[in-house]
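*Asks:* Just so you know, the protein sequences line up as chains A and B, in that order. For any residue, its number in our numbering is found by taking its place in the first sequence, counting from 1, and adding 100. For any residue, its number in our numbering is found by taking its place in the second sequence, counting from 1, and adding 100.
Calculated directly from the structure, the hints in this document are not laboratory data. Each hint should be verified, as a subset may be incorrect.
Chain copies aren't distinguished; within one or between two, either way the pair holds.
As the list claims (entries may be wrong) - Straight-line Cα separation of at most 25 angstroms, DMTMM-like style, residue types lysine to aspartate or glutamate; simulated pairs:
(1) Lys128 - Asp248
(2) Lys128 - Glu236
(3) Lys128 - Asp240
(4) Lys146 - Asp164
Bear in mind that the values here come from a model prediction, so they are computed numbers and not experimental data.
Protein chains: 2
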Amino acid sequence: MNRKRRKKGEGMGDEAAWLSERELRAWKNLLAVNSIIGRSVEQQLKDAAGLSHPQYEVLTRLGDAPGGELRMTELAGAALTSKSGLTYQVTQLEKAGLIRRSSCPSDDRGVVAVLTELGKERLRAAAPGHAALVRELFVDGLGEREFDSLAAGLEALLDRLRGRCSS
Amino acid sequence: MNRKRRKKGEGMGDEAAWLSERELRAWKNLLAVNSIIGRSVEQQLKDAAGLSHPQYEVLTRLGDAPGGELRMTELAGAALTSKSGLTYQVTQLEKAGLIRRSSCPSDDRGVVAVLTELGKERLRAAAPGHAALVRELFVDGLGEREFDSLAAGLEALLDRLRGRCSS
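Model the full assembly from the supplied sequences, consistent with the hints where possible.
*Replies:* Take a look at the structure:
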């Protein structure tokens with residue numbers, strides 16, 4: 101895993117674009133963290149609630165919003181998936197009766213997604229198990245300094261990525 | 101985004117399982133980082149090389165291995181996807197002529213995946229653009245202290261996750 105990525109002279113072109121050993125290691129660690137955590141979270145939500153992780157995130161965002169509703173454009177801005185991915189997840193949630201879509205009463209800026217009573221129930225049932233797993237995977241077992249370091253690093257990286265997207 | 105997750109008395113059950121505001125924020129930052137980076141990397145590899153990110157990772161792992169080959173069980177241990185996901189990606193790579201599968205000459209512990217000449221070429225062509233994007237997303241613009249903090253946090257988290265998996 102920590103082996104030199106590419107032997108010298110192997111003709112890979114622009115050496116300046118390559119990552120240092122340390123940068124590559126951190127990158128691979130990020131990918132591995134995502135993979136391990138992502139699979140555990142998907143599996144738990146599927147087993148416990150019949151939901152994908154993106155579906156669960158849509159439900160929690162609606163659950164956190166006043167009146168349990170958000171415009172689709174607001175959901176898209178916060179979503180974990182691409183726009184087409186979000187449309188698919190919302191359609192699946194609507195078919196399952198967990199949300200419904202309606203036109204926005206206050207303006208004409210588009211469609212609103214609303215959490216149904218069934219959606220609220222499903223979210224309420226799924227949330228404790230999900231939170232316990234997140235705690236187990238992401239919080240427990242890390243020392244306070246380790247967690248602080250991770251939290252600060254993620255905050256800086258996300259600021260940077262969001263600045264890049266909006267520029 | 102930083103609003104209180106759940107109002108008190110809303111009957112969410114085991115309060116001890118809930119995450120603190122700070123923990124939840126770090127968790128949401130991890131999800132957002134993954135989402136933004138994941139989509140950018142997928143798009144760039146698809147546009148530039150016709151590869152998915154898991155496919156690219158399989159090719160780089162074979163490219164880093166002696167003789168460009170690994171047993172499927174070795175690939176699975178390092179893979180970003182589930183075992184079934186890996187089988188699918190390897191099949192796609194084989195259909196595209198970028199790898200081939202053969203039985204292992206030195207022992208009978210199973211099938212070996214080997215990078216073909218075409219696979220080596222594709223990897224060589226794709227690698228600089230991918231590395232430049234990783235640098236742009238993950239390294240550039242972060243101060244040294246920020247990067248150190250992130251790297252240390254990810255290292256600690258991955259150690260912890262791997263310990264959990266093997267115990």
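*Asks:* Evaluate each hint against the coordinates.
*Replies:* Each hint tested on the structure:
1. Lys128 - Asp248: Both: 21 angstroms inside a chain and 15 angstroms across chains, each within 25 angstroms.
2. Lys128 - Glu236: both (22 angstroms within a copy, 15 angstroms between copies)
3. Lys128 - Asp240: Both: 22 angstroms inside a chain and 16 angstroms across chains, each within 25 angstroms.
4. Lys146 - Asp164: Result: close within a single copy only, 22 angstroms intra versus 35 angstroms inter.
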